[in-house]
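Given these sequences and hints, build the entire structure.
Now for the letters of each chain:
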Amino acid sequence: MALKRWLDRLTLLDLFDGLSVTGRHLFKKKVTIQYPEQKKLPSDRFRGMFRLDEERCIKCTLCAIECPINIIYIDWHNEKNPQGKSVKVLDRFDVDLKRCMFCQLCEEACPTNPKSIWLTTKTYEMAAYDRNDSLYLDIRKLTDWRAAENVKPFTVVEQG
Amino acid sequence: MSDDRPISGPEKDQAARTADDLKAAALAAAESVPVSVEPPTLFEVQEMELNFGPQHPSTHGVLRLVIRVDGEKILETKPDVGYLHRGTEKLFETETYPMGIPHTDRLDYVAAATNNHAFCLTIEKLLAVEIPRRAQLIRVILDELQRLSSHLVWLGTSGIDLGAVTPFWYAFREREQILDFFEEYCGARLTLNCMRIGGLPFDLTAGWVERLMEFVDDLPSRIDDYEQLLTDNRIWKKRTVGIGVISGQECIEWGVTGPVLRASGVEWDLRRAQPYECYDELDFAIPTRTNGDTYDRYVVRVQEMRQSVRIVKQCIDLLEPGDIRGKVPRVIKPIAEEVYASIESPKGELGFYCVSNGTNRPYRMHVRPPSFINLQALPRLAKGHLVSDLVALIGTIDIVLGEVDR
Amino acid sequence: MKVLTPTVLTYLKVVILVAVVPAIIGFVVVLAERRLMGFMQARLGPNRVGPKGLLQGVADLVKLVTKEDITPSRAERAVYFLAPVLAVIPALTALAVIPFGPAIRIGKVKTTLWVTDVNIGLLFLLAITSIGVYGIILGGWASNNKYSLLGGLRSAAQLVSYEVPMGLALVSVLLMTRSLSMVEIVHRQGRLHLWFIFPGLLAFFIYFVSGVAETNRNPFDLPEAESELVSGFNTEYSGVKFAFFFLGEYAAMIVISCVAVTVFLGGWLPPFPHVAALKFLRILPPLGWFLIKAGLFLFGYIWFRSTFPRYRFDQLMALGWKWLIPISLANIVIVACAILATPGRSNGMFVLSYIFGGLFVVMFLLAKLRQKLARRERLAAIPASAVE
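For the protein sequence lines, the chains are H, S and A, in the order given.
So the first sequence is numbered by the working numbering: it starts at 1 and just counts up by one.
So the second sequence is numbered by the working numbering: it starts at 1001 and just counts up by one.
So the third sequence is numbered by the working numbering: it starts at 2001 and just counts up by one.
Hints are supplied without guarantee of correctness; some may be wrong.
[Unchecked claim] With a straight-line cut-off of 20 angstroms between C-alpha atoms, the simulated EDC-like cross-links for lysine to aspartate or glutamate are:
id, chain 1, residue 1, chain 2, residue 2
1, S, Lys1333, H, Glu66
2, H, Lys40, H, Glu125
3, H, Lys28, S, Glu1227
4, H, Lys30, S, Asp1218
5, H, Lys122, H, Glu37
6, S, Lys1237, H, Asp17
Calculated from the structure, these hints are not laboratory results.
Structural data, given as structure tokens:
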């Protein structure tokens, strides 16, 4: 027994074992994704940027109620449409994205089918220099990709 | 440079309110300062107070430790927590039950699924709802994947704490793959919000199970790699064997749970001791060791990873089509009651204690965070060891400051 | 009039050495280290600056030079300034006696590839490299930072523990070389057709371990110990001063490698120069062989760094005093006996080579077998239900 222990101590086999692992990895495939050139494709359910379909929205404010941190602000007023029927018109639909924790409870709460507000937009490039302006979404930014200048829908799909 | 103010400063200030008290306090303070102007002799022990954190590479976040050292030997450790306090428990009271789930993500942020699970389990106990079998199985899969990813983070970071940089990258490579599975399932990688009261928000996507099976088949060989790097390595052994020994009895007295307890020879795992979901029908071993030192805690966690792989495989085999959400009212208004439910999170017993009052908000929520309670044992573990070992010990009790400070 | 007199040539060589070695460090060693470590860790490493990341060294240099140079208000200013200089100068000075190649002739100019051939070269090296540690100790002390102080103290402990086995390991080689001159050591290896690594296998091992410890590299990087002492002795240093420490560490690494190559690996000689079948190896110039060998040694450093955890400082001292010093003393006795007991001037070395080589191979195989058995045992010990 003692002899065995001595043998273990003297031959440094444990150290050679460790070296063999790192040595093997020297030639293995690397897993780095070269970010700006290669991008990881988000999954279909990926919770990215907010989108709103103003026409589908029934102004029920359930999303604002369900939001755990109250970052959705909705105001509307009644208006007569050409048929003389009273309809709700959105005055304000703001999402304070800089406080958002992307829990998707608003999307779950939305009663319309398909959902009027959704997060599964496959984008994660939301960095901005001015968070108060760029990360505060109003109706314009929520419905038009071009209005939110810092965010682009995910198009480049390359994986290395 | 050394600030002699004790941590309980504000209390002391409050006590010394009157002018007389202040005078007395000043006198006492003057007395406590060594008056002798003689320089210390060569062999006199000179104690030094060292501020360890909150900005320190290996306190795993914003833990602050005030340690008194003699050279490098630790005489006393005082953990100072609260730098990441966000009032989560109070936050639960202001919101309806389902709205609390995303907040639990932020407790132990490297193991969000188990937090969600413990929270949902508590409310489900309050409502006494039945969880469909498929939902139970998927919950167990998510839990075990989360345990794997949490242990991988622990393995990598505690390796870095002891100067072994490479296991970190290997562990994070595998963790990324696990996070990919989470992302595909629920759309988020870290703050998952992947469970709902009564079941799950989504069913699995097509092909998820097959890819997961492929991954867990491959994982044991990756774990072999980590073990080859560390388990037999003499330096690793030297740094961990006999460091921070704590007996099973002491663990129980401190309330320490999880791998730390099991490494001290107590076979206590809530998955076995009070089975929740479908853990009672699964076949898995609870790895235990007897020495209760850092090395044993390492071995226990690595073995647990292997067991998690087995559990995931069994659950995949048991999966059948079915409901993923039990019958839960749209507005959750439980009767006034007090419940406590706990699960075996990667770090130990994670419990939620909920007092309801018949409204749609909890009257009081309390979290039993394993990290916080395990952290209490740190001064006891660290006493008499060296500064280098302190780093190993912070790593070995596997704390996440989000959970410690809540 | 002859311009290139030997004196001028020497000055020229010094200038080249002082200019070239830091450049090599910046461009080659640091980049190689970071990229190789990256590869070993399943990632790519820095590959953005310049083609394939080749200009990373320039970027680092620009960053360090343009950074604000902060001196803590309560630091000991003079010492704080002096410490980084103390870390670099000895390491660069030590390069003076390293023979990078034999005497060469460029056009009409005949010169040697060493700055000077001191007849006590090895002693000079030991003396001058041990000064470098003062930079670390003083830097740690002068920063007036508790973490730096601990780092400096650790460095002092390390220096005391590892200078001795390193010197003793070299003594056993001296028994074979019969000279302290670095050039003579290489020539003797050439004459004997035997690199001293073979009879000095044990000495080489001890030298390697102590060398890693001397240069504060993983697994002995305690004075820095990123995860324990934040950054140890250089916590407070920034900008150019930090760059000097950085340079000093890598220059010391290069010196240790060069000494190892000269003393144990036959310096500029190609492998087995007397074997006719290996004559083609002489295509590469001697300097090339020297650099390849030094590079391999440096690769060992990098490989170690990416594989091993860090020792604790008391364990490090225990390793030095309880293992390396006794082993190196025993090694001296063995080498001396072997040389005295066998007839002829060099037969003993060959005998020693066979003994060491054989012993190493046998022990390695035995241990491999034992490890296999132990793994089987360990697997058998786990209950059947727990095995995949």
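For the pair we were handed, Lys1333/S and Glu66/H, check the Cα-Cα distance against 20 angstroms. Within the cut-off at roughly 15 angstroms; holds.
Next pair to validate is Lys28/H with Glu1227/S; report whether the Cα-Cα distance is within 20 angstroms. Holds, at roughly 18 angstroms.
Lys30/H paired with Asp1218/S [C-alpha distance capped at 20 angstroms]: Holds: Lys30/H and Asp1218/S sit about 17 angstroms apart, inside 20 angstroms.
Within a Cα-Cα threshold of 20 angstroms, do Lys1237/S and Asp17/H meet the stated pairing? With Cα atoms ~14 angstroms apart, Lys1237/S and Asp17/H stay inside 20 angstroms; holds.
Need the status of pair Lys40/H, Glu125/H: alpha-carbon distance at most 20 angstroms? holds (11 angstroms)
Given hint Glu37/H paired with Lys122/H - CA-CA distance at most 20 angstroms: Given pair Lys122/H, Glu37/H holds - Cα atoms ~17 angstroms apart, limit 20 angstroms.
This entry satisfies every hint, going by the numbered hints stated previously.
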